[in-house]
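Chain residues, written in single-letter form:
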Amino acid sequence: MSFNRPFFFITLAFIFGIAAAALSAVNYFIALPVCAALITAGSIAGFRKKAEKTMFLLVFFAVGFAVSSFYYSYNPPNNIKTFLIKNPELVVKGYEAEVADSPERGDGKIYFNARINKVYYSGGEAAGLSGLIRVTLEEKTPFAIRYGDTIKVRGPLNKPKPPKNIGEFDYGEYLKNKRIEYISYVKTPAVEVIKETGGNIVLGTSYAIKDKLVSIIYSVIPQEQARIMDGLLLGNQRALPREVFEGFRITGTAHILAVSGMNVALIALFIFMLLKLARVKRKLSALIVMGCVFVFAVITGAQASVVRAAIMAFVVLTAYIIERKPDIYNALAIAAFLILFFKPGDLFDAGFQLSFLATFGIVYFNAAAQQTLKPLPAWLASLISTTLTAQILLTPVLVNIFHQCSLISIVANIFIVPISGLITITGFAMWLVGIFSLKAAAVFGATAWALINIMVWISDGLSKVPFASVSVRTLPLYTTMVYYMFFLILPYKDIEIRKKNFSLRLTLGGLLVLLIMLHIGNTSEKNKMYAFSLKNSGAVLISDGEDRKILILGKSTGRAFYDVKNSVAVFLRHKGINVLETLVLENWRDKESIDLLKRSFQIKKIIADAGSLAPKKAVFTGERYNEKNRGTEIDIYESGAGVSTNMYEVLFSCGKRVARKTTAPAYYYTCGYECEGIENCFVNPVFEGFSRRGKNENGAGLKLSTTGMAEVDLKKGEIKNFKAVYAYEDGY
Amino acid sequence: MAFTKEEKNVLFIIIFAAIAGMFITLFFSYNARISLKQFEKNGKININTAPMETLDTLPGIGETIASRIVERREIKGNFKSVYELVEVKGMTKKRFEKIKPLLSVEDTEK
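Sequences listed follow chains P and B, in order.
Per the working numbering, residue 1 is the first one in the first sequence, and the count goes up by one each step.
Per the working numbering, residue 1 is the first one in the second sequence, and the count goes up by one each step.
Don't read these hints as lab results, they were simulated from the structure.
Hints should not be assumed to be uniformly reliable.
[Stated by the list, open to error] In silico DSS-like pairs for lysine-lysine, Cα to Cα no more than 25 Å straight-line:
1. P/281 with B/5
2. B/8 with P/152
3. P/212 with B/100
4. P/535 with P/164
5. P/212 with B/76
6. P/325 with B/5
7. P/161 with P/109
8. B/8 with P/283
9. P/439 with B/93
10. P/178 with P/212
11. P/439 with P/528
12. B/5 with P/212
13. B/8 with P/325
14. B/76 with P/439
15. B/93 with P/212
16. P/374 with B/5
17. P/565 with P/187
18. B/100 with P/276
19. B/5 with P/439
20. P/276 with B/8
21. B/89 with P/187
22. P/212 with B/8
23. B/80 with P/439
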């Protein structure tokens, strides 16, 4: 096997350097001189032809290390972070900032990054500052906010809060990789635009084009489907309805919502075709296509996936212009190098990893896959090959980041990817015609509308297949390494080592199967309780003595959906839980969150009190209200003093009811649990953070109070991760 | 002018999309769906409370006119009648007649 692509290995060395710097968190003061010395030594050794390959790689490792340490640790003196660290006593009351990108809309909010230039605090202001912040506005802001506008905001700057529950997305870390340290959540009256249309003229023009394209979509397609089109063509995932996005996620087709190679290839093809019709010369066409691809990358938010595709397109088109044969591996390496040189933090971005791994997988395994699928029709073989080869290298990353694996992905992609391609081309035609006539564009809008409905119907149907997506715990590092080693040597027979009938492929393959089986089989957790720390509701997961999982959701207020989506469901996946024995709902009013859980997990039984079934805000349909319906999908209990106690007695195999003197519902769990010398104590984990309490005959009680997720060993009575546990004597 | 196989496929898809789109427009009342679907759920648009992003979705009304409507509201106060919209710069009679059935000066939520 020959793989003579020096730039590919240079880029790998560069990437290792970035990773080493980010993980070691070395300050640039130290890193830069050390790297400079390494680079000098490496260059001299290289010129003297002493192990020049190794030294060359070491030079680029050092370059990556230096770039990364500089990126993460250098802040100019006027940076907002430096300013606030130097003045810890200051309380920011407001600020002025310039909108740094095209605002995204979705979920009732507007999101954008802004370049801060002034802050206001009690008794003064500080101008001439720099640095990016992340701003979230309410969508009902009655004026437009555009790229380049300068806004004045009354409100604080905050640090993103660290995750409180296991498995939760670390928003602060995500923003830190983009060099954003502060966020601002603003209600409408507190913001005004004080200056319009600043910023870079190229970006400004690109965003103005984007606004026009968005308005065409929403003018010629009904809103529900227009939101999906907005996501498909322009990568605005926030515009998508939640259940649609969940359908794509479960079926492993969410990648179509990330603007990437397929979109860039189609737009290039579309424009090439138009220019050919206009009889434009081919090399000039290639230059025009490069310009259009650049604009497309900007208007879709310049995410790693589309920038990767755009740079690779530039390389291929440049090769076309200078009449050379392009090399895909080198094109991929150039894209990675350029992106990471300017934004080393993108190495840890899920989008970057998924995009590059998928592309590398497709290129690396394509020949072998096509050979294997030869008996099938060419179009089907190509479709299956692309899906399969992309998934091979993606699977460990998807498992480790999202803790899920879609078992239905290949089948779903066979149907959904071609339809999304048709929608994309139809969308381009709609845009082109829409510049001149919205009425004519509506013809293409109609086709797009029909195709979108078909695609969503397929995705929705497939997502309801039992075990369409399964939760998988994070793979250990050694399993991940064996996985990649096995698949990387798989296509190449000549890497096989044959010594006394020892086959590397078979050995690695067998080892991989064994490790995966051990990993999947080892999810047992008996006698554990996890009390979530949530903003708008309460939740507890109990794993009883027989490893049966019971999830209790209580007291939802308003935005409980996000608690379930971002904390509860994520935790369940993180733990590799696919089946819930029982789901208990106490006064739970959020239907969407229950739909989410039912789609993502197998739930054997649901118990709901009447508070969860009240008309108008019913979680389930009205006919179930006030009916005892044991044995079917839902068991319902009447509301009242006994309901919660009944439910808990049913659930807890070792639960013991504690006598109480109040008539209001109280929630107990005792299992020989010692509470610092207080006997018969009980906890109220579902309502941690709320004020509901109870007391026993002795007048003493205990409330489990935490600032993060509490983990309780039910057998030993030990609690981890709690901050304050106190006794009290008052009742409700 | 020789198209590649991929370019021919794209051309075929565009022609198919145009024909299919005409069929859908004729037989599925598509134009009515665009104008009314987004408003069907919420009744008429209240021009005194609708944010710019909602006004923007009215047929024939872009961001510029939508922001002028909001501006007129902020400067002169609430509209007493939908007919006062013609005072907004860029609101032609033709444009106004098209959106008049969708407008209100009070909440008409279903």
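Cross-check of the supplied hints:
1. P/281 with B/5: holds (19 Å)
2. B/8 with P/152: violated (52 Å)
3. P/212 with B/100: Distance ~24 Å between residue 212 of chain P and residue 100 of chain B Cα, so the pair holds.
4. P/535 with P/164: holds (10 Å)
5. P/212 with B/76: violated (29 Å)
6. P/325 with B/5: holds (20 Å)
7. P/161 with P/109: It holds: about 19 Å lies between the C-alpha atoms, which stays within 25 Å.
8. B/8 with P/283: Holds - the C-alpha atoms of residue 283 of chain P and residue 8 of chain B are around 20 Å apart, at most 25 Å.
9. P/439 with B/93: holds (19 Å)
10. P/178 with P/212: Roughly 28 Å between the alpha carbons, so the hint for residue 178 of chain P and residue 212 of chain P is violated.
11. P/439 with P/528: violated (62 Å)
12. B/5 with P/212: Not OK: residue 5 of chain B and residue 212 of chain P at ~31 Å, beyond 25 Å, violated.
13. B/8 with P/325: holds (23 Å)
14. B/76 with P/439: violated (34 Å)
15. B/93 with P/212: holds (23 Å)
16. P/374 with B/5: holds (21 Å)
17. P/565 with P/187: Given that 25 Å is the threshold and the Cα spacing comes to 24 Å, the pair holds.
18. B/100 with P/276: With a Cα-Cα distance of about 44 Å, the restraint between residue 100 of chain B and residue 276 of chain P is violated, given a limit of 25 Å.
19. B/5 with P/439: Cα-Cα ~31 Å, so violated.
20. P/276 with B/8: holds (11 Å)
21. B/89 with P/187: violated (29 Å)
22. P/212 with B/8: violated (28 Å)
23. B/80 with P/439: violated (32 Å)
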